[in-house]
Amino acid sequence: MVSRILSARLACAAVMAISIAPVRPASAETKSFVVDWLTLAMHSEDGDCPGGENPGIEDMFRGIFKGMGYEPDKIEELMVLYNGGSGAGPIPGIVVYRGRIDGKPVNVYDNPTSVPDPNIHTVAGRYSPGFDLDNKAEPGSFEDPETREKGIDNQFYRAMGCIHSHRATPPHRAGYWSYAWDAGKSVVRAWLITVTGDDLSRDGKVTVTFNRGMSRVIRDANSQAQRDQTFKIDPDPRTQSSFRGQIKDGVVTIEPGELHMITGGAYLPLQWDMQRAHLRLKLKPDGSAEGVLGGYQPWLQLFYMYGIGGYGMEGMIGVNIPGTYYALRKLADANPDPKTGQNMSISAAYKIEAVPAFTIPPSQKSAAAGR
Amino acid sequence: MSTSTELATRRRVLRGMMGGAAVSVGLPLLDCFLDSTGRAFAGGAPLPVCFGTWFQGLGLNPGSWEPKTTGAGYEMMPHLGLLAPLKSKINIFSGLRAYVSGAVPVHVPGHSVGLGGAMPKPGVAPGPSLDSIIADTIGSRTRFRSLEVSCDGTPTSYSTRGGNARNPGEHLPIALYTRIFGPEFTDPNAASFTPDPEVMVRKSALSAVSDERADLAKKLGAADRTRLDEFFTSLRATENQLNLQLQRPAPLESCVVPRKPEEQPTGRLIHEALAANKAFAALLTYALACGQTQVINVNFAGTASTLRKPGSTDVYHIYTHEEAVDPALGYQPTVTWFQSRVIEALHEFISALDSFKEGDGTLLDRSLVLYTTDHGYARYHTAENIPMITAGSAGGRVKTGIHIAAPGDSMTRVGLTLQQALGVPVSSWGKDQNATSRTITEVLG
Amino acid sequence: MSQFSALVRVLRPNRRGWFAVLIGMLAIFAADWAIAAEPASAGGRAVVRRLSPGQYMQIVRDVFGGDVTIGGRFEPDFRAGGLLAVGAGQVSVTATGFEQYYGMARTIAGQVVDPARRDVLIPCKPVSANAPDDACARQFLARTGRMLYRRPLTPAELESKVAVANEAAKSLKSFYAGLNVGLTNLLVSPMFLFRQESIENDPDNPGKYRLDAYAKASRLSFMLWNAAPDNQLLSAAESGELNTEKGLARQVDRLLKSRRLEAGVRAFFTDMLGFDQFPTVAKDAAIYPKFIGAVVEQAQEQTLRTIADQLLARKSDYRDLFTTRSTFLTPTLGIIYGMPVDADMAVGTPDPWVPAEVPDNGLNAGILTHASFVALYSHPGRTSPTLRGKALREVFLCQRVPDPPGNVSFTVVQDTTNPAYKTVRERLRAHASEAMCTGCHKITDPIGLALDTSDSAAGFRTNENGAKIDAGGELDGIKFANAADVGKILHDHPAVPSCLVGKLYSYGAGTVASQGQAAYMNYINERFRANGYRLPDLLRTIVTSKAFYQVDADQLASAAGVPTYSNP
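Here the protein sequences come in this chain order: A, B and C.
Residue 218 in my numbering sits at position 218 of the first sequence, and the numbers go up by one each step.
Residue 241 in my numbering sits at position 241 of the second sequence, and the numbers go up by one each step.
Residue 376 in my numbering sits at position 376 of the third sequence, and the numbers go up by one each step.
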């Protein structure tokens, strides 16, 4: 079956291609989208970081050296080296092996608790796009700037939002995330969203599926994802999720459920296992779709995304990796470990921007290729 | 085959060459055409053509530099405002990209594809860079095949003769001065000249083709005979080019030895880089004017530029990742400030060539300088819409004052076009998805 | 033969019956003869044609191998009589063009004598690598020269090249460097760069002329393969086989059966459809973001694949090109047309091609609605019914549409944002109401407007600026409602097949057929019709006809050196 967005400008496009049976159940309408952008939902404002923004890279390094007990003279000597050459010198070695276990240096990215918690600054602002995942408008939760809903849970943003490289205010996309997604778009297979209902121009019940395509997006002349690209669906069950939902006033929402996806590559989380996934997706008149996806994710999956970045993540993006580890652990707000009581999941929300696409279920041949 | 048959065959071939009216008047020798071929042969050998690259990492903000209209007569965007007075000598190429073929496209696309024709592949040595290919065609008889400089205190360069080794960039102006104008410098106008024996052979061989003309012309009708004459006139133009290579080159009347530059600190502070760029611009101008080289490569600062603003804690590259977009301005303010300094430096360099007068024109007029960079939008480190700008017409081989928008095309189109304009015999360039055989005909003279 | 068996069955022949069968057969042959007889023709012209870039590259590949780098830039071709192939007979070589040919010749010759290739491409070894060896040079230059000049070199020509190689080898102290220079000379000779057609007395038509056997071999080969004659064909010319009816038929059979026929057919349609204009096609990224560089190449390939599949693989009726919904797409072209494409894409590999059927929705008119037509004949930011209508008439109907006068204001047509004129039909109506414009726009616009459901980047649409597109109109007296109807009208339009016949003849002969060839052209047209408009049959009819190789004596009368003796 071929599904596509029936663009308003071409209602008569009852199209087909050889080897694709033109099945379109008379009672159902389907719109498929490919995700052009998926970025951390955030809403930076002046003064939303009570301790101030986290230090820039050089100050972060100075702080690290100070914490390791270097004398001020030695620190400045190191910084001159850092600024004088290609940015390397002895610094990477010192920074990477600043962890101590039994007094011996260890790789801090593999052992984030081998240094004390640097207590990176976190967000205390009022707004964040997202969802009230726990149905508790507890104090300290955010307010969605668009829906005005209170009790928004987006602790992932809270953890990362005072890092300079991440900060952004809508309509701008989250700093580092937009960089990472754009780089990833050239490398990883596409995320697909398909909405099926009796008549998507009216309010009613829908089914929403998330899938991964077998190919990457082709970019258009403006570097955005091409509209109307055809994607074969990856048969890997770890990339397939389905939700019951509804459409109301052109906005699709889902009944909370589990969302699984594998991104695999570049700077993005390798794996997505989201619980109590919520979606709010506006189907726009020009055929595109925009909205917010939220839910609880294992915070370790998110930490790995940064941890894998290692020295580059610290030295170029300004993310203090052990600091991020501690912040995510402290701010995790779901799935307590039965033994330790430590929450293992963290609430998160992402902005989604998608354009119309065709999808084709996996053939036997491509099913084999997908493994 | 007997000789008589062969002769008969030959007569048959010749006689059949055409229908049309007979013209029995012998054509004059075609020397009179030589001055009208568009290449200034009249006053002896033309001054040689020069090529340069000028590189700076981290791109330009999309929307800030691409002219609103395409073709000739475009308006320079405010971000490139400094270049506006030179607009008639500048081409802007927008929308070009590097196809990254599944590689993570960070800090490699612009110079790998724009200057090298291909994305790096593990285990595959890159081919020669654009400047080396061009140097082999235009600069093989100069003292330096090419000269590389780097303004950021490092020996960074993107010029390679193939393989992973890069021609190192000189980062001290004073060292460059000594290299060019030190004890080994000889006045080009006083140096002895030995004609290349291969050129002599080729010239005489080509004359043998001209000998076919008389036989052919006898059997042609008027229209075809005119075409044949045009062909041999064109052949004579090439013959004349070879002939010119056999003569002592034109005197480089503007060549003087420049003043020795002051010692100056070099490093990654932006004002140090600007000063180095200025000093290099002056030295390279004289190096070109004195025929020491015909190909130059300037690295203002490499990919992932580590230039710094005095007093700031972060380098330029970090700002592209770290700095938030100013909601009121719509761009990253510090990143954009750095871009303006880059444009300043590019302007300084081009102006140095253009203010160097040679006869009726300037050194820039017989040169072509290509600016490019590693990324389009630095904030995302995109491989799309990577700016490419050329200045100079390479002695009229490239039309100027034109904006070409080629969204989605590989940057290699510019490289191919420049190679062809500068006489490199090549019909396609680049590898994999970056391979192209489409020249940008709009700018070819 | 099926007519014959039917006759046999009906008559249940006995002795008298056999006689009747015989009479019947004669009647059939006579009827066939009425169509088959080629009428006398005035003959065409012998033409001096510059090799096209495609022909140059093909010859180099054929002679020196597919891995030889050619390099260089060819100067633009010139279009005359609707074809570059005709323009090739009217151009020379500019100074820049020669410089490029010379560069290419050096690049090619350098590779041929390179140690990596010389043992394969040079049939002998010199006595010494550091000195001339005339015998070996002669052997190589004679063999290679024959392929490049498409005839044996004359003794004088050969000796001149050998002398050049000798002198160069002496000066440079290298046999191979000398051979390099000798080969370079062959490659920049006008004998190689121009196809020159020698003529001789026509023994079948005393007092008249025909191409000699080598020129005949070239016409045949360039027509069917877009390549120089291969060794077999040159040998057939040499032995005289090509001048016999049987011998010609044998070679034509061989060429038509070869896979290389596709290259020839592609070259012809690339020329006829004006694909040389594609390098400057660009679309405004703000309006047509889908149109990326890859589309330019793939649009042409889509149409050429469709043509090769329809006309060669399926042997379909030529006219079906205007109605067929079968084509080939890549994922990128699918995006352009808004169609799903079921193809497996792999990272880092070229876009895959898959067969596809376009929908039966009234918007598709065979190759007329391919991007290779609608995007080529459009402006960067808007469609042009006028350009499309003009191209349709000129390319497919061989009708000439005059260019617009120089002093016309196009403001109304260009402004696509004027709320008073939402569709291009409305804008054109406002523009063409000016008296000086009406005449031509009446010829071009109605059919062009039918194609307006394809936007400038070939995407299908049913409205423009919110207003429904009216694609209806009239073509030569027949009403139509949409693009698909126009395809059907063209399918049955009598000018469509005769236009192809005319262009194919001109393409092969290098000139447009003259008045004196009218009966001959009628004959070709009639054969084309009788053969169900199959292209391979049409090609066979043309290249086996006598007139294709005859040269009009009138055009020779005043020429210098009219031959007065017959072929040796």
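Simulated from the structure, these hints should not be mistaken for lab results.
Just to be clear, a hint being listed does not mean it is correct.
What the hints assert, rightly or not - Here chain B is said to cover these stretches of chain A; the calculated rule only asks that three of the stretch's residues, wherever they fall, bring their Cβ under 8 Å from a Cβ of chain B:
no., stretch
1, 154 to 168
2, 181 to 193
3, 273 to 281
Claimed, not checked - Partner residues are not named here, just some residues of chain C that face chain B (Cβ under 8 Å, in silico):
no., residue
4, Gly103
5, Pro190
6, Ser409
Glycine included, each C-beta is placed from N, C-alpha and C at the ideal position.
Ascending list of hint numbers which this structure does not respect:
3 and 6
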